Each structure stands twice: as C-alpha cells, then as structure tokens.
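Listed here are the chains, written in short residue letters.
There are 2 protein chains.
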Amino acid sequence: MPKIVDHDERRREISAAITQIIVAEGFERVTMRELAARIGFAHGVIIKYFPNKQSILAAAVTQLYSGVNERLAGQVEGYRGLEGLERMFRALLPFGSEAVLRARAVIAFWNYAVHNLELSAIHRENNLMWRREFHRFLVEAREDGELGSHVDIDAAVNRIVVSSAGWQMTAVLLPEFTRAAHLEQELTTLMESLRAPEKQGMSPRKGAAQVAPSEAPID
Amino acid sequence: MPKIVDHDERRREISAAITQIIVAEGFERVTMRELAARIGFAHGVIIKYFPNKQSILAAAVTQLYSGVNERLAGQVEGYRGLEGLERMFRALLPFGSEAVLRARAVIAFWNYAVHNLELSAIHRENNLMWRREFHRFLVEAREDGELGSHVDIDAAVNRIVVSSAGWQMTAVLLPEFTRAAHLEQELTTLMESLRAPEKQGMSPRKGAAQVAPSEAPID
Numbered sequence: 462m463p464k465i466v467d468h469d470e471r472r473r474e475i476s477a478a479i480t481q482i483i484v485a486e487g488f489e490r491v492t493m494r495e496l497a498a499r500i501g502f503a504h505g506v507i508i509k510y511f512p513n514k515q516s517i518l519a520a521a522v523t524q525l526y527s528g529v530n531e532r533l534a535g536q537v538e539g540y541r542g543l544e545g546l547e548r549m550f551r552a553l554l555p556f557g558s559e560a561v562l563r564a565r566a567v568i569a570f571w572n573y574a575v576h577n578l579e580l581s582a583i584h585r586e587n588n589l590m591w592r593r594e595f596h597r598f599l600v601e602a603r604e605d606g607e608l609g610s611h612v613d614i615d616a617a618v619n620r621i622v623v624s625s626a627g628w629q630m631t632a633v634l635l636p637e638f639t640r641a642a643h644l645e646q647e648l649t650t651l652m653e654s655l656r657a658p659e660k661q662g663m664s665p666r667k668g669a670a671q672v673a674p675s676e677a678p679i680d
Numbered sequence: 462m463p464k465i466v467d468h469d470e471r472r473r474e475i476s477a478a479i480t481q482i483i484v485a486e487g488f489e490r491v492t493m494r495e496l497a498a499r500i501g502f503a504h505g506v507i508i509k510y511f512p513n514k515q516s517i518l519a520a521a522v523t524q525l526y527s528g529v530n531e532r533l534a535g536q537v538e539g540y541r542g543l544e545g546l547e548r549m550f551r552a553l554l555p556f557g558s559e560a561v562l563r564a565r566a567v568i569a570f571w572n573y574a575v576h577n578l579e580l581s582a583i584h585r586e587n588n589l590m591w592r593r594e595f596h597r598f599l600v601e602a603r604e605d606g607e608l609g610s611h612v613d614i615d616a617a618v619n620r621i622v623v624s625s626a627g628w629q630m631t632a633v634l635l636p637e638f639t640r641a642a643h644l645e646q647e648l649t650t651l652m653e654s655l656r657a658p659e660k661q662g663m664s665p666r667k668g669a670a671q672v673a674p675s676e677a678p679i680d
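Quick note, the sequences are listed as chains D and H, same order.
One rule links them: number in the working numbering = place in the first sequence (from 1) + 461.
One rule links them: number in the working numbering = place in the second sequence (from 1) + 461.
The hints are simulated quantities; they were obtained by calculation from the structure and are not laboratory data.
The reader is advised that the hints may include incorrect statements.
Said to hold, decoys possible - One-sided and incomplete, this derived list gives chain D residues near chain H with beta-carbon spacing under 10 Å: (1) Ala569; (2) Ala574; (3) Ser581; (4) Leu589; (5) Arg592; (6) Glu594; (7) Arg597; (8) Ser610; (9) Val622; (10) Ser624; (11) Met630; (12) Leu635; (13) Phe638; (14) Gln646.
Nothing here was measured: the structure is a model prediction, and the numbers come from that model.
Yeah, the Cβ is synthetic: ideal placement off N, Cα and C, and Gly gets one too.
The following block holds chain D by itself, in its conformation from the complex (with noise of 0.2 Å):
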C-alpha cells in the first residue's frame, strides 16, 4: 500500500527541525543541502515544501512566534489591567538562555524583514496583536483607577512595545547589561511610571489604589 503523507504534518515537522537549527547557529551560515542532511530528509523533499530559504525562515519564524504567543497567552489568561501587562512584559523580556537563543532568531529574522515583503508582514502582523493587547490592559487599568492619569495610552504601547524589540538586542551583544536583575529593573521602572502619582494641578484621580508589583505565583 502506498504511504499516506500528512503534508501539513510534514512541513511543521521540517520547519520545527529548521527553527532550532536556526535559532541555535543563525541562518546565514546553512545552505538548504545542509539544513536537508541535518534534519534528516532528502533535499527535493525540503525543497517541495520550502522552495527556497525565505520560506523557510518565513515558516520558521511563524513557528518561534506562535510558541511565544501561546506562552505569552498562559500567563495573562484571567488577569486583567496593570497586573495583566506586568505578566504580559515580563514574559516578552529576555529572561533565561532560552530566551536569549530565541532573540538571536528574531534579530536576523529583523534583518530579512528590511528588504522582503513577506517577513515584513509577519513582523507587522505579529507586532500589532502584542498592541492591541497592551492597549487593552492599559484601557482596563485605567478604568478600574490604577493608570497614572498623566500616562498617555497610545504612548504608553510604543514605549512598552519598542522597549520589548529593543532588549532582544541587548540580551544578544550586550549581555552584560540584561541579566536578570537588569530586567526586573526594567519592569519595576515601567510599572512604576504607569502607576505613578498624579501631578500637582491635573486631574484628581487621587483615589487611584497604589498597588505594588504583583507576582502572582505561577503553577
């Protein structure tokens, strides 16, 4: 009987393979005869399903980000507010090797997206769903009293958003200045200017609750 290929399958299993190769060497250095040798399957196979090595980092890298994305998503589920975006940051930020190896990913994968429309898009789309979720922590904090009345929301993602990009890049070249303690600096700083308190002569959310970070225990 012949063999019944389960194509999506097999193109996950091959992009998976690909995505640890890539995060753990980068992408440069690999030719696809290599990547096809190492991970175990015939050259023209790869090649049916990545025809050339945009695909595979495009695959790859939809791949990284789906797995950040559904841990991401294990950590805010039920919280709501600043408590939800310190979950949400936190779990962006460049804690532990892992982390480290897959921001390594991300940089070339930054690097691709400048000139290919296709990584761009990714990029883009990926980016704008972390947005739209920080936006609406920050709307709830604000609602339930807890966001500085001085803090722009709209500004507020951007900052958050551009910080998160910005420490992928220091944990990889500048390690030394993105260790733990580093990060949780990071975290307090930001927290601490959203809950800040309100400003002589603006408006008079004085009731806003002072909460402290929390961290909630993780099972």
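Following the hints, position chain H against chain D.
Okay, now just chain H, sitting in the frame of chain D:
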C-alpha cells in the same frame, strides 16, 4: 614619477562609498565584485584594503558610528544634566529619512555582530560610550536637583539605551509607529519619568526644580 598613494585616505574613501551602498540597499545582496565596480575601484585594489565582506562591514559601521557620534557631540556640547540627556536621546532617535536609512544598516550590523567577535566588539565599545554619557548627564541632574529621587541611574541608562535600539528597529519595520510625533511622545514620556514629582514618604528632595522640557534653539 610613481604616484604616491595615501593608503589611509584611500581606505576611508572606499569605506565611505561602501557605507553609502550598504545604507541604501543592505549588505546581503551585494558581492565584493559589485561593490568594487560600483565605487570605481578595481576588485584587486579593494581586497588589498578589505580582504572580505566582514572587514568592509566593520569599516563601514565604524564610519557610520563616527558620523553619528560627531553629530551627537555637536548637539550636547555645553549642555549638562537633563537638558544634555534630552538632546542626546533626541539625536539618537530615528528622526528623518536619513536616520531611517542608518537604522537599516544598524539592524544588518546587529545581525552580523551576533556571529562575529570583531563586529560585536565595535558595537559594545560604542554602546558603552553612550552609556557613559547618559550616566554622566544623570549624575549631573542629580547634583543639580533635577532628577526625581526615585530614579535609579543605572536602570535609567539601560532603559534609555535599550529604548533607542528598539526605535531603530521600529523605524525600519513599523514606520507608522515611528513618526516624528511618536518620537516626541517618547521624549516627553522619558523626561517626565525622570523629572517625576517625589513620591510620598520618600527622600525629601521636594525643592527639586520642575523644569519644563527645554528646547534650546539650534543654530
């Protein structure tokens, strides 16, 4: 008479021409032969000065950073404290189309630096220099009573430099969030967070002047 060649000058000339091409078009696509042809030098001459693409990239990036740092120095000279800091941060943010082109080159550079010690060292050295400058401005701001007592200087330096990196990426891949108005917002957000009014019950720097974001005229 044999022509006397100023090798340093020629090296600079080649590197300047190549920097322009890299900034405009990226680095992956061009070969050494193409570069040679386009800047009007024989391939044999180029490789005498730059034996491979990595060495060209190193020279190009050194030149790019030199240009940025010269401009920076001109912007901050004679300023101190928060005013100096704001002017320096402003000069690093990607205002204008030339800065966006530079940001493209910077992203390519990050990606190469991940796998190359020489490039990574150039990046580190430059980054450390910026950090020292921001640190100095913050120390001056504290001396002058401008800085909120809640501000941790090292954390602030990290936040500023990391953020500046993040904006380079955004300028290239998400230009719709990196317009001049967004960068102005980020400047305001940062400066407000540094000048923030004292928290209740903390150290009594109540007398600290609340200086409005200054905008010294540029001649």
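Hints, one by one, checked against the model:
{"no.": "1", "hint": "Ala569", "verdict": "holds, 5 Å"}
{"no.": "2", "hint": "Ala574", "verdict": "holds, 6 Å"}
{"no.": "3", "hint": "Ser581", "verdict": "holds, 6 Å"}
{"no.": "4", "hint": "Leu589", "verdict": "holds, 9 Å"}
{"no.": "5", "hint": "Arg592", "verdict": "holds, 8 Å"}
{"no.": "6", "hint": "Glu594", "verdict": "violated, 15 Å"}
{"no.": "7", "hint": "Arg597", "verdict": "violated, 17 Å"}
{"no.": "8", "hint": "Ser610", "verdict": "violated, 12 Å"}
{"no.": "9", "hint": "Val622", "verdict": "holds, 8 Å"}
{"no.": "10", "hint": "Ser624", "verdict": "holds, 5 Å"}
{"no.": "11", "hint": "Met630", "verdict": "holds, 5 Å"}
{"no.": "12", "hint": "Leu635", "verdict": "holds, 6 Å"}
{"no.": "13", "hint": "Phe638", "verdict": "holds, 6 Å"}
{"no.": "14", "hint": "Gln646", "verdict": "holds, 4 Å"}
Hint compliance for this structure: hints 6, 7, 8 are broken, all remaining hints hold.
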